[in-house]
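Visitor: Chain by chain, the residues:
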Amino acid sequence: MRNPLLSCAIGLASALLVSSFAFAQNSPKPNYGGPEDLYEKLGDNGAGGAAPHRELTGFWAGRVAARLNPVAPMTPWGLEQFHLHKTTGDYPVAESNDPLKACDPLGFPRSMLFMTRGIAFTQMPGRVIEMFQFNRLWREIWTDGRPLPKDVGGRSAEAPDPRWYGYSVGHWENDYNFVVDTVGSDARSWLDNAGHPHSPELRVQERYTRVDHNNLDVTITIDDPKTYTKPFVITKGSFKWIPQQEFEEQFCVPSEEADYQKLIGEPAAHGTK
Amino acid sequence: MKNKLFLSFALFGWILTVCGPSFAHHGTASYKTDKVVVLKHVTVTKYVWANPHTMLLFDAKNDHGIVSHWAGEAGSPAAVRLLGWTKLSLQPGDVITVQLYPSKFESNVGRVEKIELANGTTLRDSPRGDRGVLSRY
Numbered sequence: 605m606r607n608p609l610l611s612c613a614i615g616l617a618s619a620l621l622v623s624s625f626a627f628a629q630n631s632p633k634p635n636y637g638g639p640e641d642l643y644e645k646l647g648d649n650g651a652g653g654a655a656p657h658r659e660l661t662g663f664w665a666g667r668v669a670a671r672l673n674p675v676a677p678m679t680p681w682g683l684e685q686f687h688l689h690k691t692t693g694d695y696p697v698a699e700s701n702d703p704l705k706a707c708d709p710l711g712f713p714r715s716m717l718f719m720t721r722g723i724a725f726t727q728m729p730g731r732v733i734e735m736f737q738f739n740r741l742w743r744e745i746w747t748d749g750r751p752l753p754k755d756v757g758g759r760s761a762e763a764p765d766p767r768w769y770g771y772s773v774g775h776w777e778n779d780y781n782f783v784v785d786t787v788g789s790d791a792r793s794w795l796d797n798a799g800h801p802h803s804p805e806l807r808v809q810e811r812y813t814r815v816d817h818n819n820l821d822v823t824i825t826i827d828d829p830k831t832y833t834k835p836f837v838i839t840k841g842s843f844k845w846i847p848q849q850e851f852e853e854q855f856c857v858p859s860e861e862a863d864y865q866k867l868i869g870e871p872a873a874h875g876t877k
Numbered sequence: 122m123k124n125k126l127f128l129s130f131a132l133f134g135w136i137l138t139v140c141g142p143s144f145a146h147h148g149t150a151s152y153k154t155d156k157v158v159v160l161k162h163v164t165v166t167k168y169v170w171a172n173p174h175t176m177l178l179f180d181a182k183n184d185h186g187i188v189s190h191w192a193g194e195a196g197s198p199a200a201v202r203l204l205g206w207t208k209l210s211l212q213p214g215d216v217i218t219v220q221l222y223p224s225k226f227e228s229n230v231g232r233v234e235k236i237e238l239a240n241g242t243t244l245r246d247s248p249r250g251d252r253g254v255l256s257r258y
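The listed protein sequences correspond, in order, to chains X and Z. All the letters of the first sequence, read from the start, carry residue numbers 605 to 877 under the working numbering. All the letters of the second sequence, read from the start, carry residue numbers 122 to 258 under the working numbering.
Hints are computed from structural coordinates only; laboratory data are not their basis. Keep in mind that this is a model prediction, so the values were computed, not measured. Where is the CB? At the ideal position from N, CA and C, for every residue including glycine. Among the hints, a few may not be true.
Anything over 10 Å on all C-beta distances counts as not near chain X; from chain Z, calculated [as the list claims (entries may be wrong)]:
#, residue
1, THR207
2, LYS208
3, SER210
Result set (DSBU-like, lysine-lysine): computed pairs, CA atoms no more than 30 Å apart in a straight line [as the list claims (entries may be wrong)]:
#, chain 1, residue 1, chain 2, residue 2
4, Z, LYS182, X, LYS754
5, Z, LYS167, X, LYS840
6, Z, LYS153, X, LYS690
7, Z, LYS182, X, LYS645
8, Z, LYS208, Z, LYS161
9, X, LYS754, X, LYS830
10, Z, LYS208, X, LYS645
11, X, LYS705, Z, LYS208
12, X, LYS866, Z, LYS156
13, X, LYS705, X, LYS866
14, Z, LYS161, Z, LYS225
15, X, LYS866, X, LYS754
16, Z, LYS182, X, LYS705
17, X, LYS645, X, LYS830
18, X, LYS705, X, LYS840
19, Z, LYS167, Z, LYS208
20, X, LYS830, Z, LYS225
21, X, LYS866, X, LYS690
22, Z, LYS153, X, LYS705
23, Z, LYS225, Z, LYS208
24, X, LYS690, Z, LYS182
25, Z, LYS182, Z, LYS156
26, X, LYS840, Z, LYS225
27, X, LYS754, X, LYS840
28, Z, LYS153, X, LYS866
29, Z, LYS156, Z, LYS167
30, Z, LYS225, X, LYS690
31, Z, LYS156, X, LYS690
32, Z, LYS208, X, LYS866
33, X, LYS690, X, LYS834
34, X, LYS754, X, LYS834
Covered, in the sense of this in silico footprint (three residues per stretch, anywhere, with C-beta under 8 Å from a C-beta of chain Z), are these stretches of chain X [unchecked claim]:
#, region
35, 687 to 695
36, 765 to 774
37, 846 to 857
Chain X extracted, bound-state conformation (with noise of 0.2 Å):
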């Protein structure tokens, strides 16, 4: 075919042209007629009294999608991994090595950007819980001084194995500001939705800030050297007090992930005739 383009077009015009079953128009601009999530709806929620003294207690609404900054420049070796990541956006889903396609676990601190329409906190002796609406799962924040595990994933026998949301200790700065350390997090996990990867070595800091009873403020901040050349500030977030105290039920089923790649994500990919 001397001129493929030019074919092209005209192949597609007619194809157009003779097809009767569906028509295509220009997309209009989208107009969801709605809130993205509980956190829109909630809107200005007031302050709803002044924040209590070292309490993070109860269920928070969060963006389904922390607001990121972008990543600090990559490493070589953080570059290698990034190219290796196939993201959703930028691949059809059954292309995608997104762990989340397979029910993998979003991981931390993912679970901090991503997926975080409800996060609720509960504080027992010694330790702050962090339950996270989106599969129904939960992390420990050790309160009681202990130091934060070293060499996780090295060699040796005694070497604590890294884990999907890591090893946590965290401190109250102040009676408002509470400091949350993590290591330790499975480099399986991605650390955003972009596919940006961590290594072994990532450290984030997560600082909490009560602003009053209904606001809860956060800044997560990344250092993993291996992966980016510098520390950065990966999102400054904000969570709303939820009214009725409760998480709607979102899991990622794995039976219906498959029927939704049978489904969906085959057809859409790689077509059905």
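Since chain X is already given, all that's left is putting chain Z on it; use the hints.
Guide: Below, chain Z alone, put in the same frame as chain X:
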């Protein structure tokens, strides 16, 4: 008329064959997000209220009575519930109009833009921001 339909599919197949390089899909997601396909008076065959996506299966019949089977995906129940959808929004047999973003490939699959029910109610899908990933769940 069947010949017209056959010609349509044949042309489409030929386009994909001849214009492969122009339609290379690596680096893009599954759907054409700049066009909306409108399928009028289609019949719901299955409605799946599940994660990661609400799914809708339906039959579209052309002017000549030829039926094609379609599948559309929308946001998760948690996402579309906020836009007025419920597990009872659709039932097999309902006749509706579906607007969707079609697959870039040769398949009757798409991402729902909106659905118009027989009673005039419109159900819109949830946002697809964040490089198409946001509303997967």
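Visitor: For each hint, tell me whether it holds in the structure or not.
Guide: To see whether the hints hold, each was checked on the structure:
For THR207 (chain Z), the condition that its CB be more than 10 Å from all CB atoms of chain X holds, with the nearest at approximately 13 Å. For LYS208 (chain Z), the non-interface assignment is confirmed: its Cβ lies about 13 Å from the closest Cβ of chain X, beyond the 10 Å cut-off. Listed as outside the interface, SER210 (chain Z) is consistent with that label: its C-beta sits roughly 14 Å from the nearest C-beta of chain X, beyond the 10 Å cut-off. Annotation: proposed proximity of LYS182 (chain Z) to LYS754 (chain X) is violated, straight-line Cα distance about 64 Å (limit 30 Å).
With a C-alpha separation of about 42 Å, the suggested pairing of LYS167 (chain Z) with LYS840 (chain X) is violated against the 30 Å cut-off. For the hint pairing LYS153 (chain Z) with LYS690 (chain X), the CA-to-CA distance comes to about 19 Å; that is within 30 Å, so the pair holds. Distance hint between LYS182 (chain Z) and LYS645 (chain X) is unfulfilled; the C-alpha atoms sit about 39 Å from each other, more than 30 Å. Proximity of LYS208 (chain Z) to LYS161 (chain Z) is assessed by CA-CA distance (about 22 Å); at most 30 Å being required, the pair is judged to hold.
Distance check on the hinted pair: LYS754 (chain X) and LYS830 (chain X) sit about 17 Å apart at the alpha-carbon level, within 30 Å; holds. Proposed proximity of LYS208 (chain Z) and LYS645 (chain X) is supported: the alpha carbons are some 21 Å apart, at most 30 Å. A C-alpha spacing of about 24 Å is found between LYS705 (chain X) and LYS208 (chain Z), which places the hinted pair at or below 30 Å, so the restraint holds. For the given pair, LYS866 (chain X) sits about 24 Å from LYS156 (chain Z) by alpha-carbon distance, which is consistent with the 30 Å threshold.
A C-alpha spacing of about 13 Å is found between LYS705 (chain X) and LYS866 (chain X), which places the hinted pair at or below 30 Å, so the restraint holds. Under the criterion of a C-alpha separation no larger than 30 Å, the hint pairing LYS161 (chain Z) with LYS225 (chain Z) is consistent with the structure, at around 21 Å. A hinted pair counts as satisfied when its Cα atoms are at most 30 Å apart, and LYS866 (chain X) with LYS754 (chain X) does not qualify at roughly 44 Å. A hinted pair counts as satisfied when its Cα atoms are at most 30 Å apart, and LYS182 (chain Z) with LYS705 (chain X) does not qualify at roughly 33 Å.
The straight-line distance between the Cα atoms of LYS645 (chain X) and LYS830 (chain X) is roughly 40 Å, outside the 30 Å bound, and the hint therefore fails. For the proposed pair LYS705 (chain X) and LYS840 (chain X), the alpha carbon gap of about 27 Å is at most 30 Å, so the pair holds. Restraint check for LYS167 (chain Z) and LYS208 (chain Z): the C-alpha separation of about 12 Å stays at or below 30 Å, so the hint holds. Distance check on the hinted pair: LYS830 (chain X) and LYS225 (chain Z) sit about 38 Å apart at the alpha-carbon level, beyond 30 Å; violated.
A C-alpha spacing of about 19 Å is found between LYS866 (chain X) and LYS690 (chain X), which places the hinted pair at or below 30 Å, so the restraint holds. With a CA separation close to 21 Å, the supplied pair LYS153 (chain Z) and LYS705 (chain X) stays within the 30 Å bound. The straight-line distance between the Cα atoms of LYS225 (chain Z) and LYS208 (chain Z) is roughly 29 Å, inside the 30 Å bound, and the hint therefore holds. A threshold of 30 Å between alpha carbons decides the hint, and for LYS690 (chain X) with LYS182 (chain Z) the separation of about 37 Å lies outside it, so the pair is violated.
As the CA atoms of LYS182 (chain Z) and LYS156 (chain Z) are separated by approximately 21 Å, the hinted pair is consistent with the 30 Å bound. The straight-line distance between the Cα atoms of LYS840 (chain X) and LYS225 (chain Z) is roughly 36 Å, outside the 30 Å bound, and the hint therefore fails. Restraint check for LYS754 (chain X) and LYS840 (chain X): the C-alpha separation of about 28 Å stays at or below 30 Å, so the hint holds. Proximity of LYS153 (chain Z) to LYS866 (chain X) is assessed by CA-CA distance (about 20 Å); at most 30 Å being required, the pair is judged to hold.
With a CA separation close to 25 Å, the supplied pair LYS156 (chain Z) and LYS167 (chain Z) stays within the 30 Å bound. Straight-line distance between C-alpha atoms of LYS225 (chain Z) and LYS690 (chain X) comes to about 18 Å, which keeps the hinted pair within the 30 Å bound. About 24 Å separates the Cα atoms of LYS156 (chain Z) and LYS690 (chain X), which keeps this hinted pair within 30 Å; it holds. Distance hint between LYS208 (chain Z) and LYS866 (chain X) is fulfilled; the C-alpha atoms sit about 21 Å from each other, no more than 30 Å.
With a C-alpha separation of about 24 Å, the suggested pairing of LYS690 (chain X) with LYS834 (chain X) holds against the 30 Å cut-off. Taking the CA atoms of LYS754 (chain X) and LYS834 (chain X), the gap is about 21 Å. The hint holds against a cut of 30 Å. Coverage of the region 687 to 695 of chain X by chain Z holds. Counting CB-CB distances below 8 Å, 5 residues qualify, and the rule asks for three or more. Only residues whose beta carbon comes within less than 8 Å of a beta carbon in chain Z count, and the region 765 to 774 of chain X has 0; fewer than three means the coverage is violated.
With 5 residues bearing a CB less than 8 Å from a CB of chain Z, the region 846 to 857 of chain X meets the requirement of three and the coverage assertion stands.
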